[in-house]
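Participant: The lines below spell out each chain.
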Amino acid sequence: MSVAMPAQPAIGFGRPFTRADLDAMPDDGRRYELIDGVLVVSAAPGLRHQVAVVELSFLLRGACPPGFRVLVAPFAVVLADDTELQPDLLVARRTDLTERDLPRPPVLAVEVLSHSTRFIDRNVKRARFERAGVPTFWIVEPAANPAQARLEVWELTDAGRYRLAAEAVGEQSYRARTPYPVAVRPADLVR
Amino acid sequence: MAVQPAIGFGRPFARADLALTPRDGRRYELVDGTLIVTPAPGRRHRRAVGRLAEALHAACPPELTVVVGPVPVGFGEHTELRPDIVVRSAEADPATAPVLAVEVMDRRTWPFDHEVKRAVLERERLPGFWAVDSELPRIEAWEPGSDGRYVLTVDATGDDEFVAVRPYPVRLRPAELVRDDVGHE
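Chains as they are written, first to last, in this note's numbering: chain A, 1 to 191; chain B, 1 to 185.
Just chain B, with the same shape it has in the complex:
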């Protein structure tokens, strides 16, 4: 196969390298210079992202803003995640870390994605992380406890009500994220 000029033989990847990744629908993220490439999400994923972003937007106070991604969120030169949705200060420089990162995952990549994202965001002291299983469906909210480790603060499945307090009050049922469009709009 045609091997392209290698990016610095064997060295850890830097965030600048991500500009060279192909537009093939996959998600390219970096953790400490290790590259992680996840498969392109499907329709169910996009629908769940859309529905959740609507709910977040509808409840969003003026000082914050909801951005639908994948949104690059960098930590240093060698770590960059691309959450599906972020909530950040409306005023601050877009390069500042958000107050909430949301990842919508499918069943297949859940164990991997959940573990990596939660651990990186915990380490980087992000004030909030929501993990969404778009198949079950389920929404988990994580935030730092007194020792800085993430604690699961809300965990709702199906028709249970998900009631979040931070970054601002939001209520919704996970089932609404996946309901067919028919009869919904």
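Pulled out of the complex, with its shape left as it was, chain A reads as follows:
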């Protein structure tokens, strides 16, 4: 498997991966991310996922004030030498960005769920973004039926833990205040 075949020839027998190793990964349509030295390889997204990414980026871009930028994956968010994530969408301060990556936490990270990433997005990435201090994390559930599409908004508390700050389903509209004012209706993301 060329994938995760970080081992042709082996990349330092058994040692934790570093960001430099990611450059050697094959260009096979999959997403290669590193979380605390653990390599996570996820499948290429499908149509519904990509439609939701485009629709949401359009909304976020339309409301974006001059100091921020909206980016879609693949674009690396570097949280440590052994941690590099590629959220489906992110909003960052322009001054935080380099040509190559975002070397600090974004102001908003968004993951659009798909069958093979749902579990990792919810259980692993959310926890890692929380630990990195990403102030707002959105999860989009792009259901086939627009009435069932969902948006979850997780915000950092003063204690540094995420709490579910808002949830919108179908035609309900979520009016975000952070990172900047924008209204999102989940059903619109999958139509």
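It should be emphasised that the hints constitute simulated quantities derived from the structure, not laboratory data. This structure is a prediction, so every number in the text was calculated from the model and none was measured. Backbone N, C-alpha and C fix where the C-beta goes; we use that ideal spot for every residue, glycine too.
Heads up, incomplete: computed chain A residues facing chain B, CB under 10 Å, no partners named: (1) F13; (2) R30; (3) I35; (4) V38; (5) V40; (6) V41; (7) A43; (8) A44; (9) D82; (10) S116; (11) R118; (12) I120; (13) R128.
With the hints as your guide, set chain B onto chain A.
Facilitator: Same frame as chain A, now just chain B:
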């Protein structure tokens, strides 16, 4: 770099793909078709696995058996974990889910490993999961509560006694998992 023929461009991985992973000491696991590759464990990890397996084996009733891994434990076609130790029925087909899965983790991968393993095993309704921090050292025992969510039932650190009831009674101190071999044997 030499790119090998890709495994089905971009598609989710299946358990059969794991047969093609290199023998590089790392652990290759699948969650819903997403591949997770953890660094090779070190000596401290192996020692803790060995000590814990001994303790489990010594107390093991005849109808169960202790298997030292990494042991492939599959759930469907796209999910496969490889716990360090499993306890399973001595009679049943080895492909049946075990009654206990034990993961020994180091400090570095603890947050990741703990979160993933606990969540997957909870979802798959495994009756028992022990999480071992080989550095602290600490042993946690998790099992499904009445609503199916995992609850922490035992949590012992250092010289505290870890007293498990399920899958069968076992007592040990986490400190024993990491004590140097010198003077131990």
